[in-house]
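A.B. asks: As a plain string of letters, each chain reads:
There are 4 protein chains.
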Amino acid sequence: MTQINLNSDMGESFGRYTVGDDAALMKIIRSASIACGFHAGDPTVMANAVRLARDNGVSIGAHPGFNDLGGFGRRPIRMNAKELEYMVAYQIGALQGIAAGVGTKVTHVKPHGALNNMAHEDAEYATAIARAIKSVDRDIIFVANACSEMVLAGEREGLPVAAEAYIDRTYEDNGNITSRRHADAMIHDPQQAIRQVLSFIGEQAIISKHGKKIPTRIHTFCAHGDEATGVAVAGAVRAALEAQGIKIVTLPEMTL
Amino acid sequence: MTQINLNSDMGESFGRYTVGDDAALMKIIRSASIACGFHAGDPTVMANAVRLARDNGVSIGAHPGFNDLGGFGRRPIRMNAKELEYMVAYQIGALQGIAAGVGTKVTHVKPHGALNNMAHEDAEYATAIARAIKSVDRDIIFVANACSEMVLAGEREGLPVAAEAYIDRTYEDNGNITSRRHADAMIHDPQQAIRQVLSFIGEQAIISKHGKKIPTRIHTFCAHGDEATGVAVAGAVRAALEAQGIKIVTLPEMTL
Amino acid sequence: MTQINLNSDMGESFGRYTVGDDAALMKIIRSASIACGFHAGDPTVMANAVRLARDNGVSIGAHPGFNDLGGFGRRPIRMNAKELEYMVAYQIGALQGIAAGVGTKVTHVKPHGALNNMAHEDAEYATAIARAIKSVDRDIIFVANACSEMVLAGEREGLPVAAEAYIDRTYEDNGNITSRRHADAMIHDPQQAIRQVLSFIGEQAIISKHGKKIPTRIHTFCAHGDEATGVAVAGAVRAALEAQGIKIVTLPEMTL
Amino acid sequence: MTQINLNSDMGESFGRYTVGDDAALMKIIRSASIACGFHAGDPTVMANAVRLARDNGVSIGAHPGFNDLGGFGRRPIRMNAKELEYMVAYQIGALQGIAAGVGTKVTHVKPHGALNNMAHEDAEYATAIARAIKSVDRDIIFVANACSEMVLAGEREGLPVAAEAYIDRTYEDNGNITSRRHADAMIHDPQQAIRQVLSFIGEQAIISKHGKKIPTRIHTFCAHGDEATGVAVAGAVRAALEAQGIKIVTLPEMTL
Chain A
1 MTQINLNSDM GESFGRYTVG DDAALMKIIR SASIACGFHA GDPTVMANAV RLARDNGVSI
61 GAHPGFNDLG GFGRRPIRMN AKELEYMVAY QIGALQGIAA GVGTKVTHVK PHGALNNMAH
121 EDAEYATAIA RAIKSVDRDI IFVANACSEM VLAGEREGLP VAAEAYIDRT YEDNGNITSR
181 RHADAMIHDP QQAIRQVLSF IGEQAIISKH GKKIPTRIHT FCAHGDEATG VAVAGAVRAA
241 LEAQGIKIVT LPEMTL
Chain B
1 MTQINLNSDM GESFGRYTVG DDAALMKIIR SASIACGFHA GDPTVMANAV RLARDNGVSI
61 GAHPGFNDLG GFGRRPIRMN AKELEYMVAY QIGALQGIAA GVGTKVTHVK PHGALNNMAH
121 EDAEYATAIA RAIKSVDRDI IFVANACSEM VLAGEREGLP VAAEAYIDRT YEDNGNITSR
181 RHADAMIHDP QQAIRQVLSF IGEQAIISKH GKKIPTRIHT FCAHGDEATG VAVAGAVRAA
241 LEAQGIKIVT LPEMTL
Chain C
1 MTQINLNSDM GESFGRYTVG DDAALMKIIR SASIACGFHA GDPTVMANAV RLARDNGVSI
61 GAHPGFNDLG GFGRRPIRMN AKELEYMVAY QIGALQGIAA GVGTKVTHVK PHGALNNMAH
121 EDAEYATAIA RAIKSVDRDI IFVANACSEM VLAGEREGLP VAAEAYIDRT YEDNGNITSR
181 RHADAMIHDP QQAIRQVLSF IGEQAIISKH GKKIPTRIHT FCAHGDEATG VAVAGAVRAA
241 LEAQGIKIVT LPEMTL
Chain D
1 MTQINLNSDM GESFGRYTVG DDAALMKIIR SASIACGFHA GDPTVMANAV RLARDNGVSI
61 GAHPGFNDLG GFGRRPIRMN AKELEYMVAY QIGALQGIAA GVGTKVTHVK PHGALNNMAH
121 EDAEYATAIA RAIKSVDRDI IFVANACSEM VLAGEREGLP VAAEAYIDRT YEDNGNITSR
181 RHADAMIHDP QQAIRQVLSF IGEQAIISKH GKKIPTRIHT FCAHGDEATG VAVAGAVRAA
241 LEAQGIKIVT LPEMTL
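Residue numbers (the numbering used here), protein chains in the order written: chain A, 1 to 256; chain B, 1 to 256; chain C, 1 to 256; chain D, 1 to 256.
Read the hints as simulated data drawn from the structure, not as lab findings. Among the clues, some could well be false.
A pair holds if it fits inside one copy or across any two, identical chains being indistinguishable in the list.
[As the list claims (entries may be wrong)] Mimicking EDC-like on lysine to aspartate or glutamate, the simulated pairs with C-alpha atoms at most 20 angstroms apart in a straight line are:
| # | residue 1 | residue 2 |
| --- | --- | --- |
| 1 | LYS82 | ASP55 |
| 2 | LYS212 | GLU155 |
| 3 | LYS105 | ASP139 |
| 4 | LYS82 | ASP122 |
| 5 | LYS82 | GLU242 |
| 6 | LYS105 | ASP137 |
| 7 | LYS247 | GLU172 |
| 8 | LYS105 | GLU203 |
| 9 | LYS247 | GLU203 |
| 10 | LYS105 | ASP55 |
| 11 | LYS213 | GLU253 |
| 12 | LYS209 | GLU242 |
| 13 | LYS209 | ASP139 |
| 14 | LYS209 | ASP226 |
| 15 | LYS82 | ASP137 |
| 16 | LYS27 | GLU227 |
Work out the full structure: start from the sequences and follow the hints.
C.D. replies: This is how it looks when you write it as structure tokens:
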């Protein structure tokens with residue numbers, strides 16, 4: 001492996017409320033998944049995040065979530081497939097509307113929080129998301145949890161798919177990330193994050209916290225910006241990757 | 001005058017709540033301005049309205065409003081120009097995202113309620129809306145109250161502008177519609193509506209309820225679908241126009 | 001049995017959106033469960049419903065639901081017990097604030113939609129609701145699905161509990177109502193509703209759609225006002241009960 | 001003057017979003033005005049703020065605002081008087097519901113942001129707020145900007161009124177605070193805040209930034225917790241007041 005993408009969730013502030021250190025993370029990552037006003041974000045927050053990305057040469061994607069600001073999109077909501085497809089298409093389009101004004105383009109989509117977790121193992125949800133992406137623009141890259149139903153759905157729908165792993169989340173044996181309800185969900189130690197990333201790359205697999213290996217391609221690693229340690233962990237991982245001679249590129253630059 | 005457009009606001013239901021008789025109005029009008037989830041509407045409501053429009057050969061536009069579902073977008077909200085521009089661009093993009101899935105395109109934008117009323121006389125608001133449209137797609141038609149700052153802003157920004165009058169709203173001497181706070185705001189009588197439309201066309205002017213004439217082109221007349229009498233009034237006006245030999249066309253078919 | 005209560009959900013309009021025929025139902029039922037602004041309702045809608053109840057001699061209760069206007073409180077949301085308790089206490093208090101201005105009192109609480117369904121079988125949810133009621137006013141009656149965890153939780157917390165059945169919903173064998181996702185969830189035929197109510201009273205049991213009897217006291221029957229047939233069904237049931245010599249009283253008048 | 005109250009706005013976080021340092025301010029002030037879920041706050045945030053107040057011997061009040069989370073209640077919204085009255089009664093009741101669970105009581109009400117500014121000079125708005133308070137509990141103290149229509153409305157309605165000035169906001173000649181749109185709205189310098197507070201007390205007047213004196217009683221001073229400098233400014237003012245031998249008491253302890 002000679003190149004990889006680093007991405008992060010961005011633009012998750014809302015009105016008067018600020019969360020995350022987007023400006024610092026933009027220096028480290030190469031692709032930003034921007035909240036679209038449902039689980040977080042608003043038009044002004046989105047525009048600021050898109051402009052920041054553009055100014056840092058960072059590619060942008062939509063980060064659609066459930067319409068649940070109070071729960072930050074982290075609470076599962078059951079919708080029918082068509083409703084979900086429209087909800088995702090709406091959010092992608094909304095970010096495209098904002099991006100047009102800034103002079104840049106939406107090149108990937110990555111679901112947020114509970115939507116992402118549900119679509120990891122639910123083929124109907126995964127397919128609804130893939131169809132929403134395809135209906136808006138079939139060249140948009142579907143950033144999908146490695147080993148998930150989303151990877152399969154994206155491939156079935158003919159979308160470019162980037163398989164993703166986390167630098168700062170531990171994994172269950174089924175390949176899904178550990179729920180935030182558990183104390184060991186997040187990795188706050190840069191050295192642990194570096195070990196995880198390098199072992200995933202070396203083994204070409206997700207490795208669960210119990211040591212189970214699930215073979216998979218990985219095109220992009222995600223760093224969380226909303227944790228106090230997020231910037232330090234992401235910076236350390238980037239440095240470690242570059243020390244291995246791996247180039248950090250944007251998602252459109254990746255060979256998928 | 002040998003052709004004119006009839007438009008109406010559509011897709012203003014929300015979740016469990018239904019308002020307006022979109023299906024009946026779609027048979028009468030030729031362009032639908034679809035609420036975008038801020039003052040009304042949600043992704044599913046929007047998709048249903050877009051599909052209904054497509055099936056009836058009705059062109060669609062975005063109907064952006066303030067983010068105030070409780071007030072149905074009818075309460076003035078003061079925002080700075082950039083925030084307003086982003087808010088409008090977001091809503092246009094969101095409808096484009098929905099429209100893509102239905103296989104149709106957004107060809108006009110018409111502001112809703114208090115946003116429309118404020119932009120009628122506020123050049124900053126009018127310009128912010130025009131810039132939002134232009135940033136997303138400079139071929140989109142700006143449906144602007146006749147005699148308003150929106151007409152001027154649209155022309156300054158180089159957008160195609162369709163000047164609009166209402167078939168079922170009375171006018172003040174300044175060319176703005178009478179506020180809904182007044183009892184004579186709405187026209188519920190089909191004959192009164194027909195007289196208004198034919199006199200506006202004949203005089204090439206807006207004529208206020210006090211008889212003041214304000215000369216202007218009119219490309220499109222708006223019918224309200226959320227009133228009990230809306231469908232009857234719109235149908236009567238359409239029949240009267242056709243009886244005069246005037247063809248009712250979509251906005252993209254109009255010569256602007 | 002010589003007396004029973006009839007209740008209905010009320011005040012589920014929102015802003016510009018109207019749902020249900022509260023005025024007609026108020027003539028039939030004796031207790032109104034009023035939405036509190038989370039799944040439906042707003043302060044003005046609530047005040048109007050409270051005033052209407054007062055003018056009709058109808059007792060009022062809070063009808064708390066999830067904060068999900070888009071889903072009308074019908075989508076399950078998982079919260080921790082304390083969050084849920086606060087959410088319910090908030091809504092009860094809010095209705096008390098409105099009721100004070102109208103000069104009446106909140107005398108019962110009945111959960112709405114998905115919250116009600118979840119608390120039917122989840123002791124933690126049922127207990128959180130009971131504790132919220134108790135913390136605000138331990139004399140408030142907990143209107144709880146017959147045979148549910150809510151009955152048990154209300155009794156454990158020392159609350160007055162009114163066991164409830166529906167006149168217009170069918171039942172599963174576990175005593176829970178049939179989900180609205182199924183076509184046979186609602187009873188639209190007045191005769192079927194009358195048969196259900198009289199058989200439940202006669203057998204002193206919930207009887208499922210498959211004929212299973214689950215013995216239980218029933219203090220109150222609920223009629224749905226948001227269905228087109230709701231008023232007719234409720235009126236027919238009330239007449240049938242009175243024809244049996246059963247008096248229809250308010251919840252505070254019931255012997256619990 | 002031998003005693004005075006210090007109050008601050010609290011509980012203005014929302015869900016995942018945190019704002020203000022409530023824990024630090026609770027050590028300095030004696031009365032907390034707690035957001036009620038409209039412009040900010042949610043049931044869990046409210047419960048946490050109420051508990052923190054109780055544990056610090058701080059009296060609590062409702063801090064009602066417009067239903068505009070995106071604008072943090074800082075954008076004027078025009079409502080009719082009855083709608084406004086219900087909106088305020090709802091929020092007071094909601095906080096009472098939360099407070100009951102924590103074992104404490106709501107003893108004052110202070111409007112937030114744009115609602116407060118509008119009611120400063122609009123007798124209709126001021127009266128609607130006073131009536132809402134009175135309808136819920138006529139012993140609740142109305143914390144009203146000194147020299148405002150709110151003071152007059154509270155007195156007309158027979159409420160206990162506490163006249164308030166700010167330690168960290170500058171004043172216009174009309175006695176209203178300088179709008180946040182102006183750079184000199186906030187006082188960030190502790191020494192400037194101390195000078196303002198001591199001169200207001202010494203002169204028994206509001207003194208505008210241009211030196212205009214508007215004679216008034218002042219029962220309570222408000223410190224803002226949402227500014228980075230808020231805690232330092234509040235702490236310095238408290239120390240300065242105590243150095244003058246002035247006792248800092250809760251609102252219910254004040255002689256009004």
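A.B. asks: Now tell me if each hint is right for this structure.
C.D. replies: Hint by hint, here is what the structure shows:
1. LYS82 x ASP55: between (36 angstroms within a copy, 19 angstroms between copies)
2. LYS212 x GLU155: neither (25 angstroms within a copy, 48 angstroms between copies)
3. LYS105 x ASP139: both (11 angstroms within a copy, 18 angstroms between copies)
4. LYS82 x ASP122: The answer is within: 14 angstroms in one copy meets 20 angstroms, while 30 angstroms across copies does not.
5. LYS82 x GLU242: Classified as neither: same-chain Cα gap 43 angstroms, cross-chain 39 angstroms, threshold 20 angstroms.
6. LYS105 x ASP137: Cα proximity of LYS105 and ASP137: in one copy and across copies (11 angstroms, 13 angstroms).
7. LYS247 x GLU172: neither (29 angstroms within a copy, 58 angstroms between copies)
8. LYS105 x GLU203: neither (34 angstroms within a copy, 47 angstroms between copies)
9. LYS247 x GLU203: within (18 angstroms within a copy, 68 angstroms between copies)
10. LYS105 x ASP55: within (13 angstroms within a copy, 31 angstroms between copies)
11. LYS213 x GLU253: For LYS213 and GLU253, neither the intra-copy (28 angstroms) nor the inter-copy (60 angstroms) Cα distance is at most 20 angstroms.
12. LYS209 x GLU242: neither (25 angstroms within a copy, 57 angstroms between copies)
13. LYS209 x ASP139: neither (35 angstroms within a copy, 51 angstroms between copies)
14. LYS209 x ASP226: neither (22 angstroms within a copy, 40 angstroms between copies)
15. LYS82 x ASP137: Cα proximity of LYS82 and ASP137: one copy only (17 angstroms, versus 27 angstroms across).
16. LYS27 x GLU227: within (17 angstroms within a copy, 28 angstroms between copies)
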